[in-house]
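Enquirer: As given, the protein sequences belong to chains A and B, one line each in that order.
So for the first sequence, the numbering used here puts the first residue at 4; every next one is plus one.
So for the second sequence, the numbering used here puts the first residue at 4; every next one is plus one.
Don't read these hints as lab results, they were simulated from the structure.
Certain hints may be false.
The list treats identical chains as one, so a pair stands whether inside a single copy or across any two.
[Unchecked claim] Below, computed lysine-lysine pairings styled on DSS-like, alpha-carbon distance capped at 30 Å: (1) Lys102 to Lys91; (2) Lys247 to Lys160; (3) Lys102 to Lys153; (4) Lys102 to Lys160; (5) Lys160 to Lys142; (6) Lys247 to Lys91; (7) Lys102 to Lys223; (8) Lys102 to Lys142; (9) Lys223 to Lys142; (10) Lys91 to Lys153; (11) Lys223 to Lys91; (12) Lys247 to Lys102; (13) Lys160 to Lys252; (14) Lys102 to Lys252; (15) Lys91 to Lys142; (16) Lys142 to Lys247; (17) Lys252 to Lys153; (18) Lys153 to Lys247; (19) Lys252 to Lys91; (20) Lys252 to Lys223; (21) Lys91 to Lys160; (22) Lys223 to Lys247; (23) Lys142 to Lys252.
Each chain, written out:
2 protein chains.
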Amino acid sequence: MADGNENGNKQEPEKRSLLNQHTESHFTSGEIVRDIIIGVSDGLTVPFALAAGLSGANAPSSIVLTAGVAEVVAGAISMGLGGYLAAKSEADHYTRELKREQEEIISVPDAEAAEVAEILAQYGLEPNEYRPVVNALRKRPQAWLEFMMKFELGLEKPDPRRALQSALTIAVAYVLGGLVPLVPYMFIPRATDAMALSVVLTLIALLIFGYVKGHFTGSKPFQSALQTTFIGAIASAAAFGMAKAVQAK
Amino acid sequence: MADGNENGNKQEPEKRSLLNQHTESHFTSGEIVRDIIIGVSDGLTVPFALAAGLSGANAPSSIVLTAGVAEVVAGAISMGLGGYLAAKSEADHYTRELKREQEEIISVPDAEAAEVAEILAQYGLEPNEYRPVVNALRKRPQAWLEFMMKFELGLEKPDPRRALQSALTIAVAYVLGGLVPLVPYMFIPRATDAMALSVVLTLIALLIFGYVKGHFTGSKPFQSALQTTFIGAIASAAAFGMAKAVQAK
Numbered sequence: 004m005a006d007g008n009e010n011g012n013k014q015e016p017e018k019r020s021l022l023n024q025h026t027e028s029h030f031t032s033g034e035i036v037r038d039i040i041i042g043v044s045d046g047l048t049v050p051f052a053l054a055a056g057l058s059g060a061n062a063p064s065s066i067v068l069t070a071g072v073a074e075v076v077a078g079a080i081s082m083g084l085g086g087y088l089a090a091k092s093e094a095d096h097y098t099r100e101l102k103r104e105q106e107e108i109i110s111v112p113d114a115e116a117a118e119v120a121e122i123l124a125q126y127g128l129e130p131n132e133y134r135p136v137v138n139a140l141r142k143r144p145q146a147w148l149e150f151m152m153k154f155e156l157g158l159e160k161p162d163p164r165r166a167l168q169s170a171l172t173i174a175v176a177y178v179l180g181g182l183v184p185l186v187p188y189m190f191i192p193r194a195t196d197a198m199a200l201s202v203v204l205t206l207i208a209l210l211i212f213g214y215v216k217g218h219f220t221g222s223k224p225f226q227s228a229l230q231t232t233f234i235g236a237i238a239s240a241a242a243f244g245m246a247k248a249v250q251a252k
Numbered sequence: 004m005a006d007g008n009e010n011g012n013k014q015e016p017e018k019r020s021l022l023n024q025h026t027e028s029h030f031t032s033g034e035i036v037r038d039i040i041i042g043v044s045d046g047l048t049v050p051f052a053l054a055a056g057l058s059g060a061n062a063p064s065s066i067v068l069t070a071g072v073a074e075v076v077a078g079a080i081s082m083g084l085g086g087y088l089a090a091k092s093e094a095d096h097y098t099r100e101l102k103r104e105q106e107e108i109i110s111v112p113d114a115e116a117a118e119v120a121e122i123l124a125q126y127g128l129e130p131n132e133y134r135p136v137v138n139a140l141r142k143r144p145q146a147w148l149e150f151m152m153k154f155e156l157g158l159e160k161p162d163p164r165r166a167l168q169s170a171l172t173i174a175v176a177y178v179l180g181g182l183v184p185l186v187p188y189m190f191i192p193r194a195t196d197a198m199a200l201s202v203v204l205t206l207i208a209l210l211i212f213g214y215v216k217g218h219f220t221g222s223k224p225f226q227s228a229l230q231t232t233f234i235g236a237i238a239s240a241a242a243f244g245m246a247k248a249v250q251a252k
């Protein structure tokens, strides 16, 4: 905890000691966890709903399995490759904006300096308070560039490995999620029987996954478990209903 | 364009004039556009691949349509509701972090001031250069709070309407995307014939959508059109192959 000294003119060592003593436990969720959540959320829900819908429409297990596996593979590729291209696109966007800021710092430094002033002025700072910062940045072009990227544009430098890592994580998570509701159809020939087991397995998986997701994202885990299972229930009920409706025509 | 005056001690009106004259055209893509892209990307790809896979496995059009419609409905609900809960979760996260920072500013202001110093020191600023900023923020608790939220945690205040808007946009986009490859199966009873038309329609749709996406995200539109269509081709080829494999057992 900090000492009671309210004086702003602290020695550097004392500041660093304060920083070390006072650890703030702000929540940070890893990118990998986020990708797993994205993949498993849809992977558990959509193949389950599709299989349930087709079972309700009296399709045999072989057709249900064919459709389910085809959907899981297509979904994993679409989400995985789509996520890869999106991450690449963000990286390219960052690089373009970086180049643009670099040129502006060189060609129109006064306008850029005015932007720094405007950014700091938003926090109620007076010119005499922020002018030393503006002048200091003008003398350090690399730091100035990083300051503009972060504080004007709000862009973080993306990790080049992220795109591939993200794509693979989402795709694998989707496949693993999708397998849970489909496994019963691999062993039970009557789709309606397989569906019963599929519902039980998927329900349990959704509850567990929802709970774990809530834990990682800092939401209430029980509430998250119920919400996640609720989405699965709604999606499968809708798929079931639509499948019956299409078959009735 | 800026005047040639390199002096940092500018008058405020001159700075504002510089800001108005010099408009930087940094790219900004709306949240709605992003959600449409997310929805249509998967909506065009997965139902198309699923339908193609089932057609290749010799299912009749009625089964393909049943599976396709069930998948579109399930996918739209999963992505839409999932997106809604994710946005709500981010909003709750922001509120929790805001409260925590608020308490820390009140209870351990010296540690928080040290954090401001550390943030600014990352840009090569010396203590005498950033100290006026630290002291100025200490006198303005609301501005200090906003500064910590943005510069320490990198969190923006989310719009409360975003969650619902995002969910509906993604869901509707997914449904509209999914209808394109499925419409032929509504009118052509032989699945293999319907698939031929489905391939043509979806290919055209993927090319157009990919081009428009590239335009909006600042990537090269032609490259984006080809990449988007390529994903659709890969996903449907994989679904086709998996469906054949499952049927062969």
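Enquirer: The structure should be examined with respect to each hint, and the outcome stated for every one.
Expert: These are the hints, each one checked on the structure:
Taking the closest pair of Cα atoms, Lys102 and Lys91 come within 30 Å of each other only inside a single copy of the chain (17 Å); across copies the shortest separation is 35 Å, beyond that limit. Taking the shortest Cα distances, Lys247 and Lys160 never come within 30 Å of each other, neither inside one copy (50 Å) nor across copies (44 Å). With identical chains, the CA atoms of Lys102 and Lys153 are at most 30 Å apart both within one copy (14 Å) and between copies (24 Å). Taking the shortest alpha-carbon separations for Lys102 and Lys160, both the intra-copy value of 13 Å and the inter-copy value of 28 Å come in at or below 30 Å.
Within a single copy, Lys160 and Lys142 get their C-alpha atoms as close as 22 Å, which meets the 30 Å cut-off; across copies the closest is 32 Å, which misses it. Taking CA atoms no more than 30 Å apart as the test, Lys247 paired with Lys91 passes in neither setting, with 41 Å inside one copy and 33 Å between copies. For the identical chains of this complex, Lys102 and Lys223 are inter-copy neighbours only, at 17 Å across copies versus 43 Å inside a copy, given an alpha-carbon limit of 30 Å. Only within a single protomer do Lys102 and Lys142 lie at most 30 Å apart by alpha-carbon distance; the minimum there is 19 Å, versus 37 Å between protomers.
In this homomeric assembly, Lys223 and Lys142 never come within 30 Å of each other (Cα to Cα): the closest approach is 48 Å inside a single copy and 36 Å across copies. For a Cα distance limit of 30 Å, the shortest separation of Lys91 from Lys153 qualifies both inside one copy, at 19 Å, and across copies, at 25 Å. Only between protomers do Lys223 and Lys91 lie at most 30 Å apart by alpha-carbon distance; the minimum there is 13 Å, versus 33 Å within a single protomer. In this homomeric assembly, Lys247 and Lys102 never come within 30 Å of each other (Cα to Cα): the closest approach is 56 Å inside a single copy and 49 Å across copies.
For the homomeric pair Lys160 and Lys252, neither the shortest alpha-carbon distance inside one copy (54 Å) nor that between copies (49 Å) is at most 30 Å. In this assembly of identical chains, the alpha carbons of Lys102 and Lys252 never lie at most 30 Å apart, being 58 Å within a copy and 56 Å across copies at closest. In this assembly of identical chains, Lys91 and Lys142 lie within 30 Å of each other by CA distance neither inside one copy nor across copies; the values are 33 Å within and 43 Å between. In the homo-oligomer, the alpha carbons of Lys142 and Lys247 never lie at most 30 Å apart, since the shortest distance is 70 Å inside one protomer and 66 Å across protomers.
In this homomeric assembly, Lys252 and Lys153 never come within 30 Å of each other (Cα to Cα): the closest approach is 57 Å inside a single copy and 56 Å across copies. Proximity of Lys153 and Lys247 under a CA criterion of 30 Å is satisfied in neither setting, with 53 Å inside one chain copy and 51 Å between copies. For the homomeric pair Lys252 and Lys91, neither the shortest alpha-carbon distance inside one copy (45 Å) nor that between copies (39 Å) is at most 30 Å. Taking the shortest Cα distances, Lys252 and Lys223 never come within 30 Å of each other, neither inside one copy (44 Å) nor across copies (44 Å).
Taking CA atoms no more than 30 Å apart as the test, Lys91 paired with Lys160 passes in both settings, with 12 Å inside one copy and 26 Å between copies. When the C-alpha separation of Lys223 and Lys247 is checked against a cutoff of 30 Å, the pair qualifies neither within a copy, at 36 Å, nor between copies, at 44 Å. In this homomeric assembly, Lys142 and Lys252 never come within 30 Å of each other (Cα to Cα): the closest approach is 74 Å inside a single copy and 71 Å across copies.
When held up to the earlier numbered hints, the structure conflicts with 2, 6, 9, 12, 13, 14, 15, 16, 17, 18, 19, 20, 22, 23 and fits the remainder.
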